[in-house]
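Fit chain P to the known structure of chain L by using the hints.
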Amino acid sequence: MKKNLVTAVLMTIATTILLGVIYPLVVTGLAQLLFPKKANGELIEKNGVLVGSALIGQGFSGPAYFHSRPSAAGNGWDAANSGGSNYGPTNHKFIDRVHQDVTTLQAENPGQPIPVDMVTTSASGFDPDITPAAAEFQLARVAKERGISIDQLQSLVAKHTQERQWGFLGERRVNVLELNLELDARYPATKRASAARN
Amino acid sequence: MTVNGWFQILLFLAIVLALTKPLGIFMARVFSGERTILDAILRPIERLLYRITGVDEKHEMRWTEYAVAMLLFSVVSMIVLYLLQRLQGYLPLNPQHLGAVNPPVLAFNTAASFTTNTNWQNYSGETTMSYFTQMAGLAYHNFTSAAVGIVLAIAFIRGIARREMKTIGNFWVDLVRCSLWVLLPLCILGSLVLVSQGVVQNFRPYDKIKLVEPMQVPKVDSNGKPVLGPDGKQLSDTVTEQTIAQGPVASQEIIKELGTNGGGFFNANSSHPFENPTPLSDYIELIAIFSLGSALTYTLGQMTGSHRHGWAVWSAMAILFLAGVTVAYWAEARGNPLLAGTNQRPTAAQAGGNMEGKEVRFGVTDSALWATVTTDTSCGAINSWHDSFTPLGGMVPLTNIMLSEVVFGGVGSGMYGMLIDIILAVFIAGLMVGRTPEYLGKKIEAYDVKMAMLVILIFPLVILGFAAVSVVYGFGTSSILNPGPHGLSEILYAFTSQAGNNGSAFAGLTTNTLWYNSAGGITMLVGRFLMIIPMLAIAGNLAGKKYVPPSLGTFPVTTPLFTVLLIGVILIVGALTFFPALSLGPILEHLLMAAGKTF
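Here the protein sequences come in this chain order: L and P. Read in the numbering used here, the first sequence has 475 at position 64, and its numbers run on one by one without any break. Read in the numbering used here, the second sequence has 338 at position 354, and its numbers run on one by one without any break.
In short, the hints are calculated from the structure, not lab data. Note that CB positions come from ideal geometry on N, CA and C, so glycine has one too. Please note: incorrect hints may appear among the correct ones.
[Stated by the list, open to error] Just a few of them, taken from the derived set where beta-carbon distance is under 10 Å, the chain L residues facing chain P:
id: 1; residue: Val417
id: 2; residue: Leu421
id: 3; residue: Ala483
id: 4; residue: Ala491
id: 5; residue: Gly494
id: 6; residue: Gly499
Looking at chain L on its own, in the form it has when it is part of the complex:
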């Protein structure tokens, strides 16, 4: 018993150093060497300022931008407070929230059913993606605000649409932040549109 107790203490210390300190440090070293951009969160820089991570969604509400999914993360989109709404399927607060969002969105495209990902909160709270259906739903509005044709915009969306990985894994998706950044770079919102927003 006493011998095993001494071993337990020493074993805890020794394996903590090996598995809890050396192992993560070695992996960090290798990761930084092999995949420096990925290991640091795929941060995006614009004019010397960090404007986001390709993996972390941001909230957009202006009409000239494609909108991300609703978020339940802290303070809107604070990526230091990840999480979902945890609403159950029969909670009336959840059902009411969806109905309210549906009403707002239907003003944009009367009579059309809303792609379900546009009115449901994501799991992480900053899902970087929307479905191609949700992007299509917003085409007309964004094209009008940016003063470009729907065809032009459609090809830009297609460019940012990721197919299933290896052809079968996961689902097709559109990265909202990357799409909006390219929109800003190529088709800056017209004065009229930004004035209307303010």
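Okay, now just chain P, sitting in the frame of chain L:
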């Protein structure tokens, strides 16, 4: 449900099947002390560890000493984890300057949670734990609690395989060999593959980025109440920055899945893009969760000399997995009938289904698959929120845990849980033919069956006992987020998950309270250690028995008939125990949802 969805699910099972034999043989060699290709590198480290810690690797232990060594190691490492959390403010690698984990009962709950392989989390990782606590405390326990589970299963298998012996191996040797040979190489490789997909691995302070479009958010006071202006309208704040949490995530992510631990680096667990950025990282993590549990069935066959028995057990597990994933996938793909005005049908442009609490890149298929896999095992990592599943979709993870997570199972714990069910199945078969039951040449007698029943009865006792108290008193019900039958499901899930050492949650329930922290901590410790002791007692008892050659009256444990009987026992034991509670929770909610009722 789509063809592509089913292709993903079936290919997943095929990959797990393909890994079962090579990994199973490898583990049998490691624990029998045979030579492996890794010896040249690992043998010197192993010897050094024994010299430092005073372990005699030739020493063999009886089951009692094995249990004592395991308990001592668990207690000591649990105390260290508690202290690490409380002292993290004085320790290195804390760029966010996070203070001690408070209140102390939360640190206790977390220490119990990670020591028992549960990884129930009443805290949010990115705002509570320093990088040092994450890697040297939490990820460390992901290694050791997984290793402890695996070596206990190995000890049990030795008990079956050995004849007229008093010992079942050396706990310290098994622990070290499991960590060095099995877990560490797979983790180094796997973590780098995850980084290649975008899982972060760094020690940066959290990054501040400038939002592309500043956001208006409702202004709230320090209590979280909205602030109203003089005209009674809600005031708003302009947010221009986003904080991006970082950390040594990949090295923790891989052991969290491989060791069926499940404790997320971030609050959002494996739905967080930094833990699980792509469908491929998702697939790799899923395979990691199942691989060792599945391989242990082959190790069982290899070490007991009956490969066909190993495959018969594997088949029972595979059938139960497919049953679970079918229901979950079907229910989630159908969607929520209460969401009028939305389009939930699958098309080329969207996956559709119930998307609340799910990520677009995973859709309903990978989310339902993950929910099934994480609860077939005792993993408990999540890539979507189970609380927001449809009633029947959410009932699948709950039921999986209630069946004691024997479908591939927690690493080790699933195997020994399954062995208990096997003993019961063999016993029932023996009763039917009127002979003393035998299992792989060992007579199963009164003592073994009594111990097996103890394991089976402790489990529902803690779950239903604590859940009953929680639904009666205000300190239990005030934590409910979703009223109606769903509230009962939340509480039931909390104690089931903790007793089963799973760690996933219907996370709407506010569990960082005095009651849930303490009752939950006790439940996790009971669910781990009170189950292990009778299990080891059976192992020790079996090891001492004579070998009885099979006769015409022996019920064979290698046939499809055995597989069916085993599934029957698992389902009947689970159903008889938990059906009444399930009918008042998810089943009732499903019927009311169909009738259009909300709460």
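Now the hints, each set against the structure:
no. : hint   : in the structure
1   : Val417 : holds (6 Å)
2   : Leu421 : holds (4 Å)
3   : Ala483 : holds (9 Å)
4   : Ala491 : holds (4 Å)
5   : Gly494 : holds (5 Å)
6   : Gly499 : holds (3 Å)
When each numbered hint is compared with the structure, no violation occurs for any of them.
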